[in-house]
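First to last, the protein sequences are chains A and B.
Sequential numbering of the first sequence, starting at 486, is according to the numbering used here.
Sequential numbering of the second sequence, starting at 166, is according to the numbering used here.
The set of hints was computed from the structure by calculation and includes no laboratory data.
For each residue, glycine too, the CB sits at the ideal point set by N, CA and C.
Treat the hints loosely; a few may be bogus.
Derived DSSO-like pairs (lysine-lysine); straight-line CA-CA distance at most 30 Å [claimed, not checked]:
no., chain 1, residue 1, chain 2, residue 2
1, B, Lys551, A, Lys560
2, A, Lys560, A, Lys666
3, A, Lys607, B, Lys1006
4, A, Lys549, A, Lys666
5, B, Lys551, B, Lys178
6, B, Lys786, B, Lys774
7, A, Lys572, B, Lys1006
8, B, Lys1006, A, Lys549
Just a few of them, taken from the derived set where beta-carbon distance is under 8 Å, the chain A residues facing chain B [what the hints assert, rightly or not]:
no., residue
9, Val511
10, Asp548
11, Asn586
12, Leu588
13, Leu599
14, Thr602
15, Ala604
Some chain B residues flagged as far from chain A (calculated, every beta-carbon gap over 10 Å) [to be verified]:
no., residue
16, Ser215
17, Gln248
18, Lys294
19, Ser321
20, Ile427
21, Val582
22, Thr584
23, Gly633
24, Asp715
25, Glu854
26, Arg921
27, Asn1008
28, Pro1009
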Amino acid sequence: MENGNGSAVVVAQDVTRQYGEGDTRVDALRGVSVDVPSGKLTAVMGPSGSGKSTLMHILAGLDKPTAGSVVVAGKEITTLGDSELTKLRREHIGFVFQFFNLLPMLNAEENILLPLTIAGVKPDRARFDELIRSVGLGDRLRHRPSELSGGQQQRVAIARALVSEPDVVFADEPTGNLDSKTGGEILELLRHAVRDLGQTVVMVTHEARAAAIADRVLFLADGNIVRELSGASAHEIAATVEEISAQ
Amino acid sequence: MIRFSLKGMMGRKLRTALTALAVILGVTMVSGTFVLTDSIDKAFDAIFSSVYEGTDATITGRSAFDLSDGSGTTAPPFDESLQPEVAALPDVAAAIGGVAGEAQLVGKNGKAIVFGGAPNLGFSVDPTKPEFNTLTLEQGSWPADGEVVIDVATASKKDLSVGDQIGVQAEGPVEQFKISGLVKFGSVDTIGGATLAGFNLPTAQQLFRKVGKLDQIRVAGKPGVSSSQLVSEIEAILPEGTQVRTGAEQATEDAKGTDEFISFLRYFLLAFGVIALFVGAFVIFNSLSITIAQRTRELATLRTLGASRRQVRFSVIVESLVMGTLASIIGLFLGLALATGLFKLFDAVGFTLPNSGLIFSTRTIIVSLLLGITVTLIASILPAFKATRVPPIAAVREGATIAPGRFARFRTPIAAVITLLGFAGLLWGLFGPDLETTQILLFMILGMVLVFIGVAMLSAPLIPGLTGILGWPGARFGGAAGALARDNARRNPQRTASTAAALMIGLALVTLVATLAGSIVQTFTGAVDKVFVGNYAITAQNNFSPIPIDAAAAAAQAPGVVAVGNVRTGEALVFGSTEFATAVDPGAAKVINLDWVEGSNAVLGELGKDGAFVDEDYAKKHDLKIGSPVEITFANGTTATFTVKGIFDPPSGGSPFGVVTISAEAWDAQTSSPKNLYSFVRMDGGESEANAAALEAALKPFPNAKFATRGQFVTNQISGLKSILNVLYVLLGLSIIVSLFGIINTLVLSVFERTREIGMLRAIGMNRRQTRRMIRHESVITSMIGALIGIVLGVILAGLLIFKIDLIDFSFPTSQVIIFAIAAVLVGVVAAIFPARRAAKLNPLEALHYE
């Protein structure tokens, strides 16, 4: 990675996000500052309504903050228009969704290559084969999503997120729709992407077990980052969640 | 349950509104047609009864058989000596004689005053008894010798006023008159853009070549004398060839022509309303089917809460009933606006229809509502049954689908059977033995409806293949958006098929019309090339009205003219039935060339006083050979025997001749004011500027006549067909607009359904332009599928019709088909505008949230 291990690929400062006005105003984020270090897996945890999803949407340029600054790959994104944001997503960001979001009429390979097709970029065959090997989909490329298991579908989705070699991959509850064994395999795959491929991943999750694979875990509550752990075990994380929820 | 249905509709306002539009347009057309024709009907009734107000009885010439309008033959006039006899009858208070005819008004520039193809009516008026006049004086005074009254509408359009000079051309060359006054026809400015001219009786008799004759006597009885008493009194003294009617009967008789016109206009326009509703049914069916599929979870939840299948079905039907009723009511009232618009439109093209206020009858309301609601209900039956197949489990399980129906696996065979039945109906209608016109129409219409439904069902399995071919350019050159559009278009073949089917119907009908018209033009042009061997043709300004024979006689005197062949036209009674009969003068042998089965082209010049020639089919039908006698009864009641001198084989495309043709000499002897349909001229040196100038000069006194080269003649003759064709295109355009809404609706529903997908695509880098392009390509693929199937079907249907009509040879309308294909692409592009914008505006966040 050109950013080098440890430098921040996403930098957010004093990000606030309010929904609505007056009495119905909701403060989803109340001045969050966070760095996403390159080549690391960052997990974002928090009870529902804590603002963890909102934070991820803002970091990924899908939503705009009410105030504050977000810099992705060296570029301030809060002032960008739709076409510049689209370009940013094409070149620098990958997504993994809870419900996989594959196109039913495309086969696995076509789904994986979709970001390149949309951008009009020719895939590098050798790199593609390498990617397929690493996500373990070798014999499934010609299958449609309906012919794949949930785990296989999410592997396709992860390959799709990685295919354009983005600076950062955002994963929204990637195991939320999978059984625990399959979920474990998907987490292992994400870990592999960070460890062996040098990817940067930000993962929103509410499962302590999932967060345990992260290099760093951020805890959100009521729109603020209230705690941060590094290299914590599932047990420690679960305890922290308990503690925060109890407050 | 009903409340639930209504709430559901409110929640889906956009979808409901788009679906309703499909019904509204058709109902608008139906209601507008009724309002328009009822209003015209009433206006005409008022005109004709006002024309005969104060007239208790009328005496007119009686023709030997019933005449149709515009054939060139009119009832023969009678001797004016009848008028004093009638006036002398004890119960008669007044008896006024009159004549009528065609009087072409000629403007200051020497050009004929024509509005579209409207007639130029001329009447005699009696200044002493204005209550008996057809015309009502608005300004100035009734005409004296050398004066004319003209209608207010023509005066204002041509900037003419009382005291101005105006030319009038009737049977003879143009003569100058002073305008003494302006008139209306009964109570209206004009009917159908016709020009009106009124003269005093001697002037009119001289103009219409009816000196010493009358066309009509209007009689008023003394007070206390009933009409029937008056009629029987007059009957006693009536000479041969005349008849008497009460004033009311005469009004009805005069209104007959317009009544036929109105009822034709009514059925003609209604047909297009019904076609639009039929297309609308496809749109409703499709929209409801998609909506049901999208409401799977909601319907399943209802089932888990205890709703029975019947209740679910009922809720869908109630929903469409409410929508159909609302849409029909809106359409009903929009029909009033449409009728007003049509009045203005007809006026703008010079065909002014009388309008004395819009008539909104109970029948209009009932038929419009009934049609709209029934069509909606029928279209909702299948979707309603589909809704009952939603399993309750779908409420809790992601991705549960509606089970296919019991008959789903027979779908293709059923579709094939429907299509075959449709074609069988069509073929039976076309070729079945001894069918009446109504039966033929019934079989053909039923057949077409079945064919359309069957083909729509059959096309679903073809969608993946067709999409592959038609989507190829987009996929090849449109990048990811193009490729995804193609995949989207074929992921739900049934949906794409029924969306395309709506457009298919419109395009099939448009292609049918274009193919028929193209073939007619082609064959007609060929026939003219073959038959017409002269250099110039003389016709009326409007290309089709028969014109006074003096015009061609004047042309014959032009320097350089070698021969003039005139074709007179009219009706005569032959072998007990009224036939289209024609007459030629000897010059025809040099300008007309026919294929002769028996005899030769010289027959045209050698008919003499008692010769005739007949066409081949007619000869076969009545077993006629050279030398066979043919008895012909003319309108004036005279019967004469003619001898067959030749039998000709008319070219496909038709000839100018009727079944029986005699010499002009023999024809003129029996016909009052004979008229030419065409005159063909051969000149020294063929087509040349000098010859054209010579004809121009010779025809100067006859502004109603014009001459044309062979090429121009063909173009002029076809121009009428072209205008009809344009009217048909506009009216069929209505059903294409309905299908446009169908495509919009399907796309909006699909975009809604694919919200998450589109959000994902946006999240992984698809920009707004690509998103719009994706929707647009899908729309264009759908419309092109509709166009392709429609065009193929249209050509097949036209082929069948042309095969039946042996006067036309099939010709493929290449340029029109290309235009239709381009138009279909445009329909796709236009339909996509709104859905594509919605898709492009979707927030990528939806991909993460939306469920």
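Legend entry - Per-residue hint verdict: Val511(A), partner chain B, C-beta under 8 Å: Cβ of Val511(A) sits 15 Å from chain B, so the hint is violated.
Legend entry - Given hint Leu588(A) near chain B, where the shortest CB pair must fall under 8 Å: holds (6 Å)
Legend entry - Cβ separation check - Ser215(B) to all of chain A, threshold 10 Å: Since the minimum Cβ distance to chain A is about 69 Å, Ser215(B) lies beyond 10 Å and the statement holds.
Legend entry - Claimed clearance of chain A by Asp715(B), with the beta carbon kept past 10 Å: Holds, because the least Cβ-Cβ distance between Asp715(B) and chain A comes to about 76 Å, which exceeds 10 Å.
Legend entry - Status of the hint placing Asn586(A) at chain B (closest C-beta pair under 8 Å): With a minimum Cβ separation of about 4 Å from chain B (threshold 8 Å), the hint on Asn586(A) holds.
Inset, instruction - For the pair we were handed, Lys1006(B) and Lys549(A), check the Cα-Cα distance against 30 Å. - result: Status holds; Cα separation ~15 Å.
Inset, instruction - Double-check Thr602(A) for me: the hint is only fine if its C-beta lies closer than 8 Å to a C-beta in chain B. - result: The hint holds - Thr602(A) has a Cβ within 8 Å of chain B, the shortest such distance being about 4 Å.
Legend entry - Pair hint outcome, Lys551(B) versus Lys560(A) [Cα-Cα no greater than 30 Å]: Between Lys551(B) and Lys560(A) the Cα gap is close to 53 Å, so the pair fails against 30 Å, i.e. violated.
Legend entry - Distance restraint between Lys572(A) and Lys1006(B), which requires alpha-carbon spacing of 30 Å or less: holds (16 Å)
Legend entry - Status of Val582(B), Cβ more than 10 Å from any chain A Cβ: holds (31 Å)
Inset, instruction - Take a quick look at Gln248(B) and tell me if its Cβ sits farther than 10 Å from every Cβ on chain A, holds or violated. - result: At about 88 Å from chain A, Gln248(B) clears the 10 Å cut-off, so the statement holds.
Inset, instruction - Could you grab the alpha-carbon distance between Lys549(A) and Lys666(A) and see if it respects the 30 Å cut-off? - result: Violated, at about 36 Å.
Hints 1, 2, 4, 9, 26, 27 and 28, counting from the list given before, are not met by this structure.
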